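The listed protein sequences derive, respectively, from chains H and A. Per the numbering used here, residue 415 is the first one in the first sequence, and the count goes up by one each step. Per the numbering used here, residue 3 is the first one in the second sequence, and the count goes up by one each step.
Some hints could be false.
[Said to hold, decoys possible] Below are the DMTMM-like pairs computed for lysine to aspartate or glutamate, each with C-alpha atoms no more than 25 Å apart in a straight line:
id, chain 1, residue 1, chain 2, residue 2
1, A, LYS69, H, ASP502
2, H, LYS535, H, GLU674
3, H, LYS465, H, GLU485
4, A, LYS34, H, GLU564
5, A, LYS34, H, ASP563
6, H, LYS512, H, GLU498
7, A, LYS74, H, GLU628
8, A, LYS78, H, GLU486
To be clear, the hints were calculated from the coordinates, so they are not data collected in a lab. In this text, all values refer to a predicted model and were calculated from it rather than measured experimentally.
The chain contents come next:
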Amino acid sequence: MTTRSAIRFALLALAALAFAEPSARAADTPDPVADAKAFQKFFTQKFPKVKLEDFVNGPYSMNEDMHRQWEEKEQFPPYEFALEAGKDMFSKPFKNGKTYADCFPNGGIGIRQNYPYFDEKEGEVVTLELALNRCREANGEAPVSYVKDEMASLTAYMAYTSRGKPMDIKIPNDLRALEAYENGKRYFYTRRGQLNFSCATCHVQSPGERIRAEILAPALGIMNAMPIYRSEWSGMGTTSRRFTTCNSQIRGVPLNPQDEEYRDLEYYLSYVSNGLPISGPGARP
Amino acid sequence: MASTIRVRAISNGDTTEVQALIQHPMDSGFVKDAQGQVIPAHFIQQLTFEHGGKTVFVADWGPAVSKDPYVKFAFKGGNKGDEIKIGWVDNKGASDATTAKIQ
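For reference, chain H alone in the conformation it holds in the complex (with noise of 0.2 Å):
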């Protein structure tokens, strides 16, 4: 090589990589547009025959064979027992006399898919369980357990008057609520736990494959069908549930239900599958 063509070859790299780099920092800035545009192609494509919507069916919507399963269980769904009682709970007034469709927008009926919502002036991500609980704390009643029982009965009974609205999560015009989504996003991607497996191995990596008996829902729609009764649990279990037993399952060790990160995830999760309808409460093998 002649010094002349050395040098007009290095030119050549220098502006190669002055255009690269505009663009190696778009991929760099948050784009949730185009994460969620990309995150649904991408089980579209893996799972050509599943229609978009059936994705909200975990893992019913994997397989012929599990649809049918689905659609017998649904005649009968083992979530009614929670369902009536979540009815019940919400309706029943506190000892102050107000209920809790006095600390949600339209009476707590319909609401579902505006959670988890970014709230500028706390400058966090407000999940439905956050709030439920903040409004028995405003109406001077204890908190209650995070996970089951009644924090899922009246999930429950809120994404059944939910049932078939598009998940519609925004991310205001505010830098701490692009920075919770990434923060979710990175969480989702993060590998922990003894067993090195981030929320992504399973759920984006090998839905609709088995994991011993059970076949691994997709990530896309899963928040959709929350809460849901788990043949597995005898019970039903909420969003927190769900993420807690993940990180123990893996070996890792389970943050407190609704800690910042937990809360963070779900925005993520829930914003990836905007457009998909509220399904909830499920029934999952």
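For this one, chain H is given, so just place chain A on it according to the hints.
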């Protein structure tokens, strides 16, 4: 308190298909609670379905049946609008009963 039994009975002409879901802890007596105390056995012993004064289905259950049990069976006969009686008795003597119309 609301009934612990949910029933749906559908007539398909010759046969009637019955589905029922019952709310019951069905404790086996082998499980400990968070404090390490054994949860005493508490389970449904007998579940009966009656149609027109005749028993059409009896289940003798034990501690091995899961919580909130679900039953599905079909019997010959039964017309739309007929009543079915459902009742259970558990090992502590508690019971519940309800009726449902065949659809």
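Verification of the supplied hints:
With a C-alpha separation of about 22 Å, the suggested pairing of A:LYS69 with H:ASP502 holds against the 25 Å cut-off. The hinted pair formed by H:LYS535 and H:GLU674 meets the criterion: a straight-line CA distance of about 16 Å does not exceed 25 Å. For the hint linking H:LYS465 to H:GLU485, the alpha-carbon distance of about 16 Å falls within 25 Å, and the restraint holds. Restraint check for A:LYS34 and H:GLU564: satisfied, since their Cα atoms lie roughly 22 Å apart, inside the 25 Å limit.
Between A:LYS34 and H:ASP563 the CA atoms are separated by roughly 19 Å; this keeps the pair inside 25 Å, and the hint holds. Taking the CA atoms of H:LYS512 and H:GLU498, the gap is about 20 Å. The hint holds against a cut of 25 Å. Between the alpha carbons of A:LYS74 and H:GLU628 the distance comes to roughly 24 Å, so the proposed pair stays at or under 25 Å and holds. With a C-alpha separation of about 22 Å, the suggested pair A:LYS78 and H:GLU486 falls inside the 25 Å cut-off, and the hint holds.
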